[in-house]
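Since chain G is already given, all that's left is putting chain V on it; use the hints.
Keeping their order, the protein sequence lines are chains G and V.
Under the numbering used here, think of the first position of the first sequence as 1, with each following residue one higher.
Under the numbering used here, think of the first position of the second sequence as 1, with each following residue one higher.
Where hints are given, some of them may not hold.
Stretch-level coverage of chain V by chain G, calculated; a stretch enters the list once three of its residues show a Cβ under 8 Å from a Cβ in chain G [to be verified]:
1) 49-59
2) 96-109
The list that follows gives simulated cross-link-like pairs (lysine-lysine, DSS-like), each with its CA atoms no further than 27 Å apart [said to hold, decoys possible]:
3) G:Lys71 <-> V:Lys57
4) V:Lys78 <-> V:Lys57
5) V:Lys83 <-> G:Lys42
6) V:Lys57 <-> G:Lys42
7) G:Lys42 <-> G:Lys57
8) V:Lys57 <-> V:Lys42
9) V:Lys42 <-> G:Lys57
10) G:Lys5 <-> G:Lys71
11) G:Lys68 <-> V:Lys83
12) G:Lys5 <-> V:Lys42
13) G:Lys5 <-> G:Lys68
14) V:Lys42 <-> G:Lys58
15) V:Lys42 <-> G:Lys42
16) G:Lys5 <-> V:Lys57
17) G:Lys42 <-> G:Lys111
18) V:Lys42 <-> G:Lys71
19) G:Lys58 <-> G:Lys71
20) G:Lys57 <-> G:Lys5
21) G:Lys68 <-> V:Lys42
22) V:Lys42 <-> G:Lys111
23) V:Lys42 <-> V:Lys83
24) V:Lys57 <-> V:Lys83
The set of hints was computed from the structure by calculation and includes no laboratory data.
Model, not experiment: these values are computed from the prediction.
Cβ coordinates follow ideal geometry from the N, Cα and C atoms, glycine included.
Residue-level listing of the chains:
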Amino acid sequence: QQQVKQSPQSLIVQKGGISIINCAYENTAFDYFPWYQQFPGKGPALLIAIRPDVSEKKEGRFTISFNKSAKQFSLHIMDSQPGDSATYFCAAAPYNNNDMRFGAGTRLTVKP
Amino acid sequence: EPEVTQTPSHQVTQMGQEVILRCVPISNHLYFYWYRQILGQKVEFLVSFYNNEISEKSEIFDDQFSVERPDGSNFTLKIRSTKLEDSAMYFCASSVRDGQYFGPGTRLTVL
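Looking at chain G on its own, in the form it has when it is part of the complex (with noise of 0.2 Å):
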């Protein structure tokens, strides 16, 4: 109930090209859905995040979109950079943002 699946475990984009990734939750009362970035030797950062009031959320080059249906959420990197080559978790959390779950992390790496 409280898992978080991520996929897939490893990405190679080119740079320029369109990097996706995918999550799937079990958990109903899952409320909040964030996207980390991290980088080696880093804590992770958070990049977006979305509640499932509504489908799709875009800042810059990233996008969320959300599926409350499907029980299903992803990003999407757009123009991917080399710069973005880094490890990618997305999570979820109550909607008192307690025990929040992470993926399982992708890492990204774009080829320049």
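Just chain V, lined up with the frame of chain G:
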């Protein structure tokens, strides 16, 4: 831009010893969290803290762990008797409500 800070950046300890990991959350934040990340694995929730008490804790957060906010700025995680499997990165995070902001982490190595 305000940020969460953590000390030390790296802590080496002997099995069975007590360690205290320290965090200074962002000053106007009300909610505080600890997470851990074993090398190469996902981030795991340990505990959340609000209004000077634990709000939620995971199955990982057993009696060996405790948290404290000893003053208006620090938030600490204590591990009473460390085990080899406690070796991990420990991240502190804080939030106003949504949007948890993470610190740079403390790498704990238990020998």
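Verification of the supplied hints:
Counting residues of the stretch 49-59 of chain V whose CB lies closer than 8 Å to any CB of chain G gives 3, so the stated coverage by that chain holds, three being the minimum. With a cut-off of 8 Å between beta carbons, the stretch 96-109 of chain V has 9 residues touching chain G; three or more are needed, and the interface restraint holds. The hinted pair formed by Lys71 of chain G and Lys57 of chain V meets the criterion: a straight-line CA distance of about 24 Å does not exceed 27 Å. Note on Lys78 of chain V and Lys57 of chain V: the hinted pairing holds, with a Cα-Cα distance of about 14 Å set against a maximum of 27 Å.
For the proposed pair Lys83 of chain V and Lys42 of chain G, the alpha carbon gap of about 24 Å is at most 27 Å, so the pair holds. Pair hint Lys57 of chain V plus Lys42 of chain G holds up; C-alpha atoms about 24 Å apart against a cutoff of 27 Å. Restraint check for Lys42 of chain G and Lys57 of chain G: satisfied, since their Cα atoms lie roughly 26 Å apart, inside the 27 Å limit. Pair hint Lys57 of chain V plus Lys42 of chain V holds up; C-alpha atoms about 17 Å apart against a cutoff of 27 Å.
As the CA atoms of Lys42 of chain V and Lys57 of chain G are separated by approximately 25 Å, the hinted pair is consistent with the 27 Å bound. As the CA atoms of Lys5 of chain G and Lys71 of chain G are separated by approximately 11 Å, the hinted pair is consistent with the 27 Å bound. At most 27 Å may separate the alpha-carbon atoms for a hinted pair to count; Lys68 of chain G and Lys83 of chain V exceed this at roughly 41 Å. Pair hint Lys5 of chain G plus Lys42 of chain V holds up; C-alpha atoms about 11 Å apart against a cutoff of 27 Å.
About 15 Å separates the Cα atoms of Lys5 of chain G and Lys68 of chain G, which keeps this hinted pair within 27 Å; it holds. Between the alpha carbons of Lys42 of chain V and Lys58 of chain G the distance comes to roughly 25 Å, so the proposed pair stays at or under 27 Å and holds. Between the alpha carbons of Lys42 of chain V and Lys42 of chain G the distance comes to roughly 14 Å, so the proposed pair stays at or under 27 Å and holds. Taking the CA atoms of Lys5 of chain G and Lys57 of chain V, the gap is about 21 Å. The hint holds against a cut of 27 Å.
Our distance criterion of 27 Å between C-alpha atoms is met by Lys42 of chain G and Lys111 of chain G, whose separation comes to about 22 Å. In summary, the hint linking Lys42 of chain V to Lys71 of chain G is supported, as the alpha carbons are separated by about 20 Å, within the 27 Å threshold. This hinted pair checks out: Lys58 of chain G and Lys71 of chain G have alpha carbons roughly 19 Å apart, not beyond 27 Å. Of the supplied pair hints, the one linking Lys57 of chain G and Lys5 of chain G holds, its CA atoms being roughly 21 Å apart against a limit of 27 Å.
For a cut-off of 27 Å, the pair hint linking Lys68 of chain G to Lys42 of chain V stands: about 24 Å separates their Cα positions. Annotation: proposed proximity of Lys42 of chain V to Lys111 of chain G holds, straight-line Cα distance about 24 Å (limit 27 Å). The straight-line distance between the Cα atoms of Lys42 of chain V and Lys83 of chain V is roughly 20 Å, inside the 27 Å bound, and the hint therefore holds. A hinted pair counts as satisfied when its Cα atoms are at most 27 Å apart, and Lys57 of chain V with Lys83 of chain V qualifies at roughly 19 Å.
Taken one by one, the earlier hints fail for this structure only at number 11.
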